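Fit chain A to the given chain X structure using the hints.
Heads up: the protein sequence lines correspond to chains X and A, in order. Once you know that position 148 of the first sequence is 148 in the numbering used here, the rest is easy, because the numbers rise by one and skip nothing. Once you know that position 121 of the second sequence is 309 in the numbering used here, the rest is easy, because the numbers rise by one and skip nothing.
You may find that some hints are simply not true.
Partial chain A-side listing against chain X, Cβ under 7 Å, derived [unchecked claim]:
#, residue
1, 477
2, 639
3, 640
4, 642
5, 643
6, 756
7, 774
8, 776
9, 777
10, 838
11, 892
12, 895
13, 896
Just the calculated beta-carbon pair ranges, DEER-fashion [to be verified]:
#, chain 1, residue 1, chain 2, residue 2, range
14, A, 898, X, 120, 25 to 31 Å
15, X, 143, A, 775, 26 to 32 Å
16, X, 85, A, 762, 43 to 49 Å
17, X, 135, A, 802, 35 to 41 Å
18, X, 143, A, 440, 48 to 54 Å
19, A, 464, X, 85, 45 to 51 Å
20, X, 82, A, 667, 49 to 55 Å
21, A, 884, X, 95, 22 to 28 Å
22, X, 120, A, 762, 17 to 23 Å
23, A, 675, X, 137, 35 to 41 Å
24, A, 762, X, 82, 47 to 53 Å
25, X, 95, A, 802, 46 to 52 Å
26, X, 137, A, 767, 30 to 36 Å
It is worth saying that the hints were derived from the structure and are not from the lab. What you are looking at is a predicted structure, and each value in this text was computed from that prediction instead of being measured. Cβ coordinates follow ideal geometry from the N, Cα and C atoms, glycine included.
What follows is the residue order along each chain.
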Amino acid sequence: MIAFTVSCYLVRKYIDKTHMLTFNTKTQLVIVALMVFGCLLAFMVTRGNQSGSPMAHWELPQSIEARGKRLGWHFRYSGPDGILGSNDDVQTDKILRVPEGVKFDIQLRSNDYIYVFSCPELELKEIAVPDLEFALELSCGRPGEYDLIMSPLCGFRLPPGELMGKVIVDSKRDFTRWFEDQQKQPNR
Amino acid sequence: MFSPSPESENQVSRGSGKWIGLTIILVIALVIILIVVYQNYSSLPPTPNKPAKSPAAASHSLKVYGRAPEFKLIDQNGVEFTSDQLQGKPWIANFMFTGCVATCPKQTAELKAIQDQLRKDGQSDKIHLISFSMDPENDTSAVLKRYASNNGVDDQVWKFLTGGKDELRNAISRDGFKLAVEIDEDDPNNLMHSPSFVLVDAYMRMRGIYDSGKPEEVSQMVDDLQELEEEILLLHPQTDWLESRQQAQLTTAESISVYHDFGFSDQRVSTGIDFMHKIVDDAGSNYKPVHYDHGTGIVVADIDGNDLLDIYFVNQVGPNGLWLNLGQGKFKDITQAAGLEISDRICVSASFGDIDNDGDPDLFVTAVRKGNLLFENLGDGNFKNITDDSGLGYKGHSSGAVFFDFDRDGLLDLFVNNVGRYTHSTKTSKVTMESIRGEDDADYYYPNGFEDGFAGHLKKSRTETSRLYRNLDGKQFADVSEDMNLVDGSWTGDATPIDINVDGWPDLYLVNMQGDDQCYLNLEGKSFENVGRKYFPKTPWGSMGVKAFDFENDGDLDLYITDMHSDMAAEIPEGKEKLKCEEQLPASFLGTFNTSIFGNAFYRNESNQKFTEISDQVGAENLWPWGISVGDLNADGFDDVFISASMNFPYPYSVNSLLLNENGVIFRDSEFILGVEPRAGGITAPWFELDTSNTTDNALILETIQKFSPPPKLPKLAVVWSALGTRSSVLFDLENDGDLDIVTLEMNHYPMVLVSDLSEKKQDMTFIKVKLVGTKSNRSAFGAVVNVDVDGKKLMKVKDGQSGYMSHSDFPLYFGLDSAKQVNQIKVDWPSGQQQIVEGPLDVNRLIVIIEEE
Chain X
1 MIAFTVSCYL VRKYIDKTHM LTFNTKTQLV IVALMVFGCL LAFMVTRGNQ
51 SGSPMAHWEL PQSIEARGKR LGWHFRYSGP DGILGSNDDV QTDKILRVPE
101 GVKFDIQLRS NDYIYVFSCP ELELKEIAVP DLEFALELSC GRPGEYDLIM
151 SPLCGFRLPP GELMGKVIVD SKRDFTRWFE DQQKQPNR
Chain A
189 MFSPSPESEN QVSRGSGKWI GLTIILVIAL VIILIVVYQN YSSLPPTPNK
239 PAKSPAAASH SLKVYGRAPE FKLIDQNGVE FTSDQLQGKP WIANFMFTGC
289 VATCPKQTAE LKAIQDQLRK DGQSDKIHLI SFSMDPENDT SAVLKRYASN
339 NGVDDQVWKF LTGGKDELRN AISRDGFKLA VEIDEDDPNN LMHSPSFVLV
389 DAYMRMRGIY DSGKPEEVSQ MVDDLQELEE EILLLHPQTD WLESRQQAQL
439 TTAESISVYH DFGFSDQRVS TGIDFMHKIV DDAGSNYKPV HYDHGTGIVV
489 ADIDGNDLLD IYFVNQVGPN GLWLNLGQGK FKDITQAAGL EISDRICVSA
539 SFGDIDNDGD PDLFVTAVRK GNLLFENLGD GNFKNITDDS GLGYKGHSSG
589 AVFFDFDRDG LLDLFVNNVG RYTHSTKTSK VTMESIRGED DADYYYPNGF
639 EDGFAGHLKK SRTETSRLYR NLDGKQFADV SEDMNLVDGS WTGDATPIDI
689 NVDGWPDLYL VNMQGDDQCY LNLEGKSFEN VGRKYFPKTP WGSMGVKAFD
739 FENDGDLDLY ITDMHSDMAA EIPEGKEKLK CEEQLPASFL GTFNTSIFGN
789 AFYRNESNQK FTEISDQVGA ENLWPWGISV GDLNADGFDD VFISASMNFP
839 YPYSVNSLLL NENGVIFRDS EFILGVEPRA GGITAPWFEL DTSNTTDNAL
889 ILETIQKFSP PPKLPKLAVV WSALGTRSSV LFDLENDGDL DIVTLEMNHY
939 PMVLVSDLSE KKQDMTFIKV KLVGTKSNRS AFGAVVNVDV DGKKLMKVKD
989 GQSGYMSHSD FPLYFGLDSA KQVNQIKVDW PSGQQQIVEG PLDVNRLIVI
1039 IEEE
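So that you can see chain X by itself, here it is in the shape it has in the complex (with noise of 0.2 Å):
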């Protein structure tokens, strides 16, 4: 608006005086409200997305890869490519970061031993194996931590209390820019 208010000025200073391209001040004031109308539009629409309407899917992993190893869960998501293993893939140890709402397909895999993946809370449960991939879908209601505990199959075991990873449901804001800025990691 300022911008045009200016242009305004500027053509009345300069090219009004050649008489072309001049607006009457009804003129101007429709054209300014029609962009103010057009800003508070543009200006919702993107604060309705960060809150929770529907996202472009772009914006969102294509693929979640959860790998048993060393009795812990490691993550990996892909990055803009949609490729999960390229380098642009996002990774982190013993934690899955998901927004609420959204379902994935988490491939499940493991390095060493056979792990279940297993989350009462929000009552997952599959396995993992070696050379094998299961798929576990998720799709999380609401935003909050949940436990993913160690399962006994591969013989060793963690003391009570210790985990091996974590699902933290995030709102979508947050998750995308968690996402972002883990996108900007340089040793991603």
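Quick look at chain A alone, frame taken from chain X:
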């Protein structure tokens, strides 16, 4: 004389200021350089000649000088004292006699000082002091007691032992500790013995020999003793759950209505059996949850025809052990002479059966990937390896093997369970467990197990079908699996013959340790049909052991199946051992479709070819079970059950189960009541040595240990201890006194020889043993059904050889008769189809031999 001019003085003075400034700069620079160098140096890994001053590097490792001898002697209080009582704590041995005036008083004084120091430090319960008398004829218990008393000996810590002169001087001092004892020929009273102290670790390994006359060596021994205590790492220290569980069970004893006023005690040392099981590293320092941790079997048979049952222990890291029953509860190791050592491969199970009908039991042994073996019994206690021509030398992952005559032609056929490919093809390790025992190393390599062996059923490429072999002529066998339509790829470790449809043809029940069990109906010896889900809609998911027997004495065979693998799915909290596993593995892993039970199953035979699962109703559940052995342990006419149980490293301990059959209605837990638990020698034992400086290869173990039981100090060489665990067992009358005893196969440890005192406690008990000799049928009479009519009751048993996990014995049938004075009739249904009746009255308390009528 030189004196500097003022100018020059000034010059020096100016020059000094300049130098001082430079010096300050240099000093600061130097300090900075030193700080940088120091920081860099301190971050470098220690070089070999400059070890880091960590506790690990500071300690040295004590050598192993071999095993200390086993013994059974009498202490100063007149009480029997065995070497078994020393396991679990380090101890110091010395050799003395009370009349000695040479080195003995000095030795006693030194040990007394150690005893007092330990007491002062509150460490009295950490070690034992053992003084062996070299003059037992004079050193009676009373004499030793007086000597101990005069020297301020603490009876709980310090034992003075007496016994047989030959045992003490020769077996213990000379042959055991390798310390000479000599008698002066000119003066028989002049007894010369070693003045040495010997330091023995908690696993009966000699770790140091010290001159008791040299203070510096005695001081070194005390330091070494401390190091022995520090090298023990225990993952799961015993908590008080065992004691509370014992107390809880003892309070139920009065409510048990069947006879239970007797007990078992481990008499292994007095039997002479010193067989020790050894594991591969894949079940120890290189642990992975693969089928190596299933261990091995134990079988019995009368190999030399003297009506005494001999024992064959199967080892993982050989040699196996054949122990000849000498009678009176004594055994002798004849493994080498009999040609049954088999120390070049990892063995798994054994099966006795008379394959050539020549009157002596032959032996089949399964092994991992190096070939199964068949041995012909030559009748004189010697065995001949006839594998090459037998057609039974299958190389794979075989487990239990079952002799039965499926075509009823009078020759024993063989079913061999193959688990599935659970080992790598190229990755191998050398057997190394010997290092912990101070024995010579055996030099061969074994295939390493997969880390995910437990998921083998999900990988089709790892399927390995079991094998059915037809006995062609008594020596040669042919694989007829495909011809007989018995091609089974289940992950099965054991099987039992059972005539499911009572048509006289032995069917086969296969326990699948990772999925549905299978049952194959024998179509008159011409083919087999899988009727698993028809007869058993739901079976245990992780079946391990199986036994068919008549629980209720109603004349038909019920079926008891243990489920170990379901217990791996979740932590079973204390107090929940008798309940089914609540946690279940994901369906994608199970691979079964609403056909699984997650725990033991007990199928009651409803006599109309229907089986009803009633395990919870009869109390058949337990924790971490392996195999089942069935026998009438209290001789009351109802068969009782012993279930071997417990995993080992890295799991906590579980108890073996002894279930008394209460009149065919319910099983009553009695392992504590009857003295089977807690184990006399403790529930843990050394498992493997661990180089704690190798933080790469041993990372997971070190991490686990640090998390569960962080030691105050981590020595460079640690000995990791593990919970003990039984794998297999056999019930038979070991010393021919009329009651059934229990011999176990322990992973990585000595067996337990649990001798029953029933015949002493219940003097009016009666029994009868029935030995069958087939003529038209196979000579071992496997498949014969025996009905004993006594006091209006009918007791039925089938001879199938099943006892324990993966173990197939050949022994007479034992019938407990409560206190009946005679047997009215014995009826035998032979595998040939012939029925034979032996009319009574027949005397009890004896072995009756029934030969099949021609």
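Here is what the structure says about each hint:
no., hint, in the structure
1, 477, "4 Å, holds"
2, 639, "5 Å, holds"
3, 640, "5 Å, holds"
4, 642, "6 Å, holds"
5, 643, "4 Å, holds"
6, 756, "6 Å, holds"
7, 774, "5 Å, holds"
8, 776, "6 Å, holds"
9, 777, "4 Å, holds"
10, 838, "5 Å, holds"
11, 892, "5 Å, holds"
12, 895, "5 Å, holds"
13, 896, "6 Å, holds"
14, A/898 x X/120: 25 to 31 Å, "28 Å, holds"
15, X/143 x A/775: 26 to 32 Å, "29 Å, holds"
16, X/85 x A/762: 43 to 49 Å, "45 Å, holds"
17, X/135 x A/802: 35 to 41 Å, "39 Å, holds"
18, X/143 x A/440: 48 to 54 Å, "51 Å, holds"
19, A/464 x X/85: 45 to 51 Å, "50 Å, holds"
20, X/82 x A/667: 49 to 55 Å, "53 Å, holds"
21, A/884 x X/95: 22 to 28 Å, "26 Å, holds"
22, X/120 x A/762: 17 to 23 Å, "20 Å, holds"
23, A/675 x X/137: 35 to 41 Å, "37 Å, holds"
24, A/762 x X/82: 47 to 53 Å, "49 Å, holds"
25, X/95 x A/802: 46 to 52 Å, "47 Å, holds"
26, X/137 x A/767: 30 to 36 Å, "31 Å, holds"
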